[in-house]
Amino acid sequence: MTISFVELFNKNQSKIEIVPIVDKNFYKLYILTESFKHFLQSLIKASLKANAFTEEEISAFNLGDITPKESEAMLISLASTEKWDYVYRKLA
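With my numbering, the residue at position 31 of the sequence shown is 31, and numbering never jumps.
Worth flagging that the hints you see were computed from the coordinates, not collected in a lab. You may find that some hints are simply not true.
Below 20 angstroms or equal to it, Euclidean Cα-Cα: the simulated SDA-like pairs (lysine to any residue) are [to be verified]: (1) Lys37 - Ser59; (2) Lys37 - Ile58; (3) Lys49 - Ser59; (4) Lys69 - Ser80; (5) Lys28 - Glu70; (6) Lys37 - Glu55; (7) Lys45 - Gly64; (8) Lys69 - His38; (9) Lys28 - Leu78.
Throw the hints in and build the complete structure from the sequences for me.
Below is the structure:
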């Protein structure tokens with residue numbers, strides 16, 4: 001599961017690094033990628049505590065910088081704002 005998740009993260013990470021968040025699809029991809037970073041950090045910490053992976057094995061994944069740019073609370077806010085904007089436009 002961890003390896004599949006890392007592959008998915010690496011594939012999507014390269015798509016959003018150079019694109020400004022204007023397009024809705026990239027906005028959603030940005031939220032998803034930042035959420036992946038939080039999840040990936042938690043998964044790595046748990047894997048190290050459970051001795052499922054060593055530091056060297058984690059380094060071999062070549063993840064680069066997986067430090068999230070947004071807090072989990074901000075990601076929830078961004079995702080709910082995007083959802084509620086649609087509802088408010090329909091009501092107007």
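Each hint, compared with the structure:
1. Lys37 - Ser59: holds, 15 angstroms
2. Lys37 - Ile58: Measuring from Cα to Cα gives roughly 14 angstroms; hence the hint holds.
3. Lys49 - Ser59: Holds, because 16 angstroms separates the two Cα atoms, which is no more than 20 angstroms.
4. Lys69 - Ser80: Given that 20 angstroms is the threshold and the Cα spacing comes to 18 angstroms, the pair holds.
5. Lys28 - Glu70: holds, 14 angstroms
6. Lys37 - Glu55: Cα-Cα ~18 angstroms, so holds.
7. Lys45 - Gly64: holds, 16 angstroms
8. Lys69 - His38: Between Lys69 and His38 the Cα gap is close to 10 angstroms, so the pair holds against 20 angstroms.
9. Lys28 - Leu78: With Cα atoms ~9 angstroms apart, Lys28 and Leu78 stay inside 20 angstroms; holds.
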